Structures are given as C-alpha cells and as structure tokens.
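*Asks:* Just so you know, the protein sequences line up as chains F and B, in that order. Under the working numbering, think of the first position of the first sequence as 1, with each following residue one higher. Under the working numbering, think of the first position of the second sequence as 1, with each following residue one higher.
In short, the hints are calculated from the structure, not lab data. Check before you lean on any hint, since a few could be wrong.
Listed next, the stretches of chain F that the computed footprint assigns to chain B, with coverage defined by at least 3 CB atoms under 8 Å from CB atoms of chain B [what the hints assert, rightly or not]:
{"#": "1", "segment": "5 to 15"}
{"#": "2", "segment": "26 to 40"}
Straight-line alpha carbon distances no greater than 27 Å define the calculated BS3-like cross-link-like pairs of lysine-lysine that follow [to be verified]:
{"#": "3", "chain 1": "F", "residue 1": "LYS65", "chain 2": "F", "residue 2": "LYS32"}
{"#": "4", "chain 1": "F", "residue 1": "LYS63", "chain 2": "B", "residue 2": "LYS124"}
{"#": "5", "chain 1": "B", "residue 1": "LYS53", "chain 2": "F", "residue 2": "LYS32"}
{"#": "6", "chain 1": "F", "residue 1": "LYS284", "chain 2": "F", "residue 2": "LYS63"}
{"#": "7", "chain 1": "B", "residue 1": "LYS124", "chain 2": "B", "residue 2": "LYS139"}
{"#": "8", "chain 1": "B", "residue 1": "LYS53", "chain 2": "B", "residue 2": "LYS139"}
Not everything, but these chain F residues come out facing chain B in the computed CB check (under 10 Å) [stated by the list, open to error]:
{"#": "9", "residue": "MET1"}
{"#": "10", "residue": "ARG94"}
{"#": "11", "residue": "SER102"}
{"#": "12", "residue": "ARG208"}
All values reported here derive from a predicted model rather than from experimental measurement. Even glycine gets a Cβ: it sits at the ideal position worked out from N, Cα and C.
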Amino acid sequence: MAQLIPGLKEYARPQSIDEALGFLSRGDVEMKLYAGATSLAFSRPAVERVIDLTRLPLSHIEKTKEFLEIGALTSIRDLERHPLVQSFCGGILRQACDRLASTPLRNLITAGGNLLGGFPWSDLPVALLTLDAELRIASTDGHSERSMAPKGAVRRNDMIQPSEILTGIRLPADRAGYRGAFIKFSRTTVDFGIVTAAVSFGIDSGNRISDPRIACGCVTSEAMRIPQIEDLLSGQVASDELFESAGRAAAGVITPRADTRAPEDYRREMLGVTLTRALAAAWKGGRA
Amino acid sequence: MIVRFTLNQSSVQLDVHPGDRLIDVLRANGLWGVKEGCGDGNCGACVVLLDGKPVNSCLVLAPRVDGCSVVTIEGIGSPQAPHPIQSAFAEHGAVQCGFSTPGSILSTYALLSENPHPSDDDIKRALDGNLCRCTGYVKKIEAIRSLID
Chain F
1 MAQLIPGLKE
11 YARPQSIDEA
21 LGFLSRGDVE
31 MKLYAGATSL
41 AFSRPAVERV
51 IDLTRLPLSH
61 IEKTKEFLEI
71 GALTSIRDLE
81 RHPLVQSFCG
91 GILRQACDRL
101 ASTPLRNLIT
111 AGGNLLGGFP
121 WSDLPVALLT
131 LDAELRIAST
141 DGHSERSMAP
151 KGAVRRNDMI
161 QPSEILTGIR
171 LPADRAGYRG
181 AFIKFSRTTV
191 DFGIVTAAVS
201 FGIDSGNRIS
211 DPRIACGCVT
221 SEAMRIPQIE
231 DLLSGQVASD
241 ELFESAGRAA
251 AGVITPRADT
261 RAPEDYRREM
271 LGVTLTRALA
281 AAWKGGRA
Chain B
1 MIVRFTLNQS
11 SVQLDVHPGD
21 RLIDVLRANG
31 LWGVKEGCGD
41 GNCGACVVLL
51 DGKPVNSCLV
61 LAPRVDGCSV
71 VTIEGIGSPQ
81 APHPIQSAFA
91 EHGAVQCGFS
101 TPGSILSTYA
111 LLSENPHPSD
121 DDIKRALDGN
131 LCRCTGYVKK
141 IEAIRSLID
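The shape of chain F in the complex, shown without the other chains (with noise of 0.2 Å):
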C-alpha cells in the first residue's frame, strides 16, 4: 500500500494545546502539524512525525465585545454558514468560503490552514486583509497576539514561528457593520482563482468612504493589499465611475504573475475589472 507520508513514523494525537506544544518544541524530528491536511497530496512533506490537531477544542465562533473570534479549526464549510459569518461586514466572509473548493474539501479545510498555507490561490487571507484580522497564538511562553499582515502581505513568515500553533483569527467588531464584498474570477466554480479581490469600508452621511481596505489575492505570489487604491478611495463619494477609476488604477499599480490559468495581461486587465465589481458589489448590497 503506498503511503501518503512514506517516511512517517509517528501520529500523534495531543488532548490539548499544550501537549501539542510539548510535541513541537521536542525538536528531534521533523514535523508537521494536522488539521484538514488538503495539501498532503502535492506537498509530500518529509516529516517523521506528525501532530494531529484535529482533536483540540479549536473549532468555533463566538462574539465578544471587541471580536468575532474565529478557531483555527473551523472547517471553511462550518464558516460560511455560520450566522454571524453571514453577517459580518456585508458577508464578505461567507462570499470568500462560498467558492473556496468543492463541499468535500470544505469539510476538510480549516480556517487556519488555508491562511497559513501560503498559497498564491488561498481565498480566505484575501477576505481577511480587508478585516484588519489579528492571529491568536499559542507557544510554550504563553498565549499572545498579532497583526495577521504587519506589512500588507500575507507571508506565513510574519504570521507563525515553526515552535507556535494558531488557535485562531479574531476580526475587530467595528468592521462589522461596514460594506464588504469578496469576488473571485475563476473558469469554474471549484477552480483556483485567476484573480480574487477583496474590499471593505465604510460609508458617511454624505456617501463619502472612510477607512478602505482593498486587497487582491492569486494576482502575485501573495495576497496583497493595495494601498495606492485605498489612498484613492478614502474620502471620495462612492460612484461607479469612482469603482471603475479604482480598478483602472489597481490594474496599474500591480506585477500580476503569469500560470497556466492566465497570462500578465489577462490577470492585469481582470484585476481591474474585479476590483471594479467588488466595489461595486459592496456599495449596493452592503449595510452602512
């Protein structure tokens, strides 16, 4: 029978966070932590251990206060339907789980692993660069927390040290209430994306937009904010010829990457045009 880890000599099953830990600093082998494990199939990784997570109480949502707290091990099927993800900032959560895969990998996927993936073509980071996420963190010098994207990038290297486990991602409350909309433009429902946008804002008495956030994903290697087109929007009354100025202008601002999903001019010129739609999108079926 072949294995889907040949070299795997140990599955351990930590009953908590801790015992996890105390797996991850041994430091003698390799390792690798497991949640929906999706990617095991085309990554291989030569690990001689592996830490089943599975089992850790990390799979839920709740409402604080100041956040919506999201486990690590939520599946992205559990996300998308949950009330208060349906809710939140014009449902751009949900859109960024509704297309994310097909419904068996759904079940699989977790919040916390597609975020730290590191994929060019992960739905999820794209939503939450536009919700100012921050990352709970456990390591064994206790529990903290951090800026998902200190530097407008989703780059697994900022977001976790090899020697900590994400417990989950928690969304401030005051996005809740702003317009959001996530778009992905793919040649077929379950189909990686060509080119994913993400927007969020609000909106003042007179139509003016406050506090954008405009993020792309599959575009370049890596999720990304866009500034340049936050700086644009921010103060301006929110209009379709405003929309499409934005994604002319992101068509400019931005490198896209060439694969065999599109060439740089095709993802160039559809950056716009789903920047454009998102915005579009966020405006008319958002909550002020």
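Given the coordinates of chain F, assemble chain B onto it according to the supplied hints.
*Replies:* The following block gives chain B in isolation, referenced to the frame of chain F:
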C-alpha cells in the same frame, strides 16, 4: 499502529501504517465502492462520510479517523436492499460508467440528511466536489429531485 473507529455502523480495529491513506485502508478491507480517481482531492470518487460529512478519503490519513464514524457506499444500502437514493439514481439513469456514483450518492445522502428539501442550487452545490467524466449531471439532479417532490 492501531486505529479504532466505527465503519458502516460496526466497530472496527485496524492495524495501519501512520502514513496510510484512508482510501487505501478501506479498499484493502474489501470496500471497493471507494474509488480512486485523481488521488489529490479534485474528483470526489473517493468521497466517504466522516462523522456524517462528505470528505475526500484520498487526503485523509488513516489514523485521523480514530474514534470517528466512517460511512462508505456499502454502509447505506446493498444490491438486495438499496437505499432510496441508490434506487433513484438507477431509475433515472444517473449511472453511466458508475465510477463517480458512490461518491455522488454519499454527497446526496449528506445533503438530504441536513436539508430534506434542497433547491436545485443546493443540489448543484452539494455535488460540486463529485466530477462525472461521462457528464451525467442532469440525470443526477433529476434523480435527487424525485426524492424530494
């Protein structure tokens, strides 16, 4: 290593290598209704129900299911006593080469368990992870619709 779980409503105890895939362990134990198509989570031919939810068994390490419930196509009906979903698929010709059928039926089973009156969109979405290379998608939808009308 020993893995204990509930397989098609029976308690089982299996000796596996920690790197074994669930699909291989199930097939080695005679459950050939679990098919391998792509082997990387794209096609859904290997779908089984893990604690009631459809998942790709080619991506699950066997030790992961310790203490869980696993249901394969053999667990919901037999040729002598098919499940109503199996009968509906047969009656509507929603079986062509048959390779993707077990996974599609299990995805349908999970859908109808949590939503007895799905819309066409709900059905399409529930089957979005079960590719059919004979492209028999419409007949599957008709079969499922016949169960909810």
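*Asks:* The structure should be examined with respect to each hint, and the outcome stated for every one.
*Replies:* Going through the hints against the structure:
Counting residues of the segment 5 to 15 of chain F whose CB lies closer than 8 Å to any CB of chain B gives 8, which reaches the minimum of 3, so the coverage claim holds. Against chain B, the segment 26 to 40 of chain F contributes 4 residues with a C-beta closer than 8 Å to a partner C-beta. That satisfies the three-residue criterion, and the hint holds. For a cut-off of 27 Å, the pair hint linking LYS65 of chain F to LYS32 of chain F is broken: about 35 Å separates their Cα positions. Taken as a hint, the LYS63 of chain F and LYS124 of chain B pair is broken in the structure, with Cα atoms around 32 Å apart against an allowance of 27 Å.
Note on LYS53 of chain B and LYS32 of chain F: the hinted pairing holds, with a Cα-Cα distance of about 25 Å set against a maximum of 27 Å. Distance restraint check for LYS284 of chain F and LYS63 of chain F: the Cα-Cα separation of roughly 26 Å lies within the 27 Å cut-off, and the hinted pair is therefore satisfied. Using a Cα cut-off of 27 Å, the hinted pair LYS124 of chain B and LYS139 of chain B holds, with the two alpha carbons roughly 12 Å apart. Taking the CA atoms of LYS53 of chain B and LYS139 of chain B, the gap is about 23 Å. The hint holds against a cut of 27 Å.
With a least beta-carbon distance of about 5 Å to chain B, the hint placing MET1 of chain F at the interface is held under the 10 Å criterion. The interface hint given for ARG94 of chain F is violated, since its Cβ lies 13 Å from the closest Cβ of chain B, which is over the 10 Å cut-off. Interface hint status for SER102 of chain F: upheld, as the beta-carbon distance to the closest one in chain B is roughly 3 Å, under 10 Å. The restraint placing ARG208 of chain F at the interface with chain B is violated, with a minimum CB-CB distance near 37 Å, outside the 10 Å limit.
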